[in-house]
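S.K.: Line order of the protein sequences matches chains A and B. Counting along the first sequence from 1, when you hit position 25 you're at 25 in this note's numbering, and nothing is skipped either side. Counting along the second sequence from 1, when you hit position 213 you're at 292 in this note's numbering, and nothing is skipped either side.
Heads up, some of the hints might be wrong.
What the hints assert, rightly or not - Only part of the chain B face toward chain A is listed, based on derived beta-carbon distances under 7 Å:
(1) Glu180
(2) Ile268
(3) Arg269
(4) Pro304
(5) Gly307
(6) Phe308
(7) Val396
(8) Arg400
(9) Glu510
Because the hints were derived from the structure by calculation, they are not lab data. All of these numbers come straight from a predicted model, not from anything done at the bench. Beta carbons are placed, not taken as given, at the ideal position from N, Cα and C, and that holds for glycine.
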Amino acid sequence: MDTLQEHDRNLTHARKGEEVRVSSLKGHPDLCARLQEYGFTPGCAVRLYSKAPLGGPMSFDLRGGRVALRQSDAACVLI
Amino acid sequence: MALIALAGQANGGKTSLFNQLTGSRYKTVNYPGATVDCAVGSLKLPLGEVAVLDTPGILSLVPRSEDERAAVQALGNASRLLPGQDIPDLVVAVVDMSQPERALGLVRQLKTAGFRLLVVLTMPDLAARKGCALDPRRLSDALDLPVAVINGRTGSGLPELKDELSRLLEECLAPGPVTLPQSIGEDEIRANYEWAEKVVTHALSQVGRDGTGWGFDPDRLLLDPRFGFVAFLLVMTGLFWAIFAAAAPLQAGVEVLLAWFGKGLSGLMPTGFLAELVSQGVVPGFQAVLTFVPQIAILFLLLGILEDSGFLARGTVIVDRPLALIGLNGRSFVPLLSGFACAIPAILAARTIPGRKERLLTQFVIPLMSCSARLPVFGLLLGLMFPGEAWKAGIGMTCIYLASLFLGGAVSALLARAVPIPASKAGFQMELPAWRLPLWKTIASSTLDRTWSYVRRAGGSIFLISVVFWLLNRFPSPEHSLALSAGRMLEPMFVPMGWDWRIAVGLIAAFAAREVFVSALAVVFAVQGGDAAVGKLLQVMQSATHAETNHPLFTVSSVAALMVWFLIAMQCLATTAVFRKESGSWTYPLLQMAGYLVLGWVAAFVTAQGLQLVGIP
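Bound-form chain A, shown alone:
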């Protein structure tokens, strides 16, 4: 894989157990709004709990709860 620029990193690049901070969101405005309603707002600390089987959704711990996102949704959350 190419070396990732700092601003290109998104949640799908997080490693298991790694805690990262959301920097911004990129994508369809409705989806970005909904993701932020789930708590993925800039500055929020997020930890990747696990990737689901078969390239399925990824689970994240944030704000005291656990939320699963499809990988294409997670790619909208830049870290």
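For this one, chain A is given, so just place chain B on it according to the hints.
M.R.: Here is chain B on its own, set in the frame of chain A:
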């Protein structure tokens, strides 16, 4: 009458609170989006009776799916549900204490919109376990709102909450004008969270966990990229297999009981017309279906355990990817699974799917899931296929369930390409609620409730069909009955499958309710076989032959074709009506019904002829 509305995020404990307040027994499910419709109950307070409204969970006042829309509409104007009511006098904002930030953002929106609010903190035990308990008084200061705490599972805190509700309602302030926001900007969402973080920091009363809990997190297994899918499949296969295998011993007991009861009842009757009606019509009609009550109860029990534990939300995550390939969504999992109990609530449950195409597709394939009304039918047919071998019948049952899943997938994949609706861009997000040990009392009572309502619902149609069927089979005479003439007319359609007029009339009766097929056959064979047939339906059916050829009627190929027919054919008019209401048009429900009837016939035809072709009679 004053009106209190409950509002809050999904899986926050609204329905538990509603049940505690109103004494209702709505089923609570540890899954975000379990409540898809508003419910109304009443609460007695010293000042009089108060109406209570439970609403589906929302993330914000700007809805993004049908269940959220229903909730926001009801909050803005409750007159559709409660004539004469408008804005609730008081909104109880339910906040899950174990993850308060998201819910507090909604509290702020509700406050800005102009609602009168009481904040109720739920799940204090879970918050203490996680080490994030909040102090209600400090929270109240920070929010400038009244705050109460309740444990919805145990009911502790309920008297104090009722006092607080009385106090607030007695203040008798008319609810001010409420303006629901039309949209919510990203800035506002962020600002709400920043505000919520500050409020939580201010109100936090605990540092560190309280040391309770399981130690093992089942997510480590279920969400594991390697083992998760295997674990999931094991749970699901176990569920389907247990429905048949675990029920076998119970079923034997029920059969003995029913035979004893039927004999007693017939003995009480004076001989004559009425006695015959009871012994050949009503008794076998009921016996045939009630024999399968243990299986239905086990299905409801196991679904109840899955629902209460938190498994369902993990299921959606595991199947999201495979379901996306066939045009569905991870959120289709729960509607499809509840389709194994009954298609009607399942079609309502599909409201939580945000994309229209995915929602319609899910609702379209739900009737292919083998519902509990089909259990007695498959039970009888598997009994014919594997007499006395419960374990083989258990494997057969698992295969039937897998076949219905496979078929649903194939239909969905085909339609996903054919239907000219653009695919949704809503993606997939799912909150994973904390695992909970199911409360055995709740599970037991919900299993009993659901089984009893199944028996009651089926009971009416069984009684009616049994009586009507007995009359049709008995008059003018058993040899030249009305049922025989009607069945003979339909027979040509079913000859290729090896079915005769008796099965044909049973299939027609099944349009009243599928399980009635079993009752109808029981009555037909009871009239033909005389009293000897009562309680020995299986033996009588096994020895039944075609009238002209004397070939056995129930062969491997004819029984297999019947199973295929019942797997596919759309015979539930109530489902069609609900789908019409949910989709807002007749197009899809009628396509669904016609499509599945034709497909069912063709598939049964191919099954019977194919088996005969390879030499299986």
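S.K.: Take the hints in turn and mark each one as holding or not.
M.R.: Here is how each hint holds up against the structure:
The restraint placing Glu180 of chain B at the interface with chain A holds, with a minimum CB-CB distance near 5 Å, inside the 7 Å limit. Annotation: interface hint on Ile268 of chain B holds; nearest CB of chain A at approximately 4 Å, less than 7 Å. With a cut of 7 Å, the hint placing Arg269 of chain B at the interface with chain A holds, because the nearest CB-to-CB distance is about 5 Å. Nearest Cβ of chain A to the Cβ of Pro304 of chain B: about 5 Å, under the 7 Å cut. The hint holds.
Hint status for Gly307 of chain B relative to chain A: holds, with the closest Cβ pair at about 5 Å, below 7 Å. Checking Phe308 of chain B against chain A by beta carbon gives a least distance of about 4 Å; that is within 7 Å, so the hint holds. A least Cβ separation of about 4 Å between Val396 of chain B and chain A falls short of the 7 Å threshold, and the interface hint therefore holds. A least Cβ separation of about 4 Å between Arg400 of chain B and chain A falls short of the 7 Å threshold, and the interface hint therefore holds.
Restraint check, Glu510 of chain B versus chain A: the minimum CB separation of about 5 Å is within 7 Å; hint holds.
The structure fails none of the hints (numbered hints given earlier).
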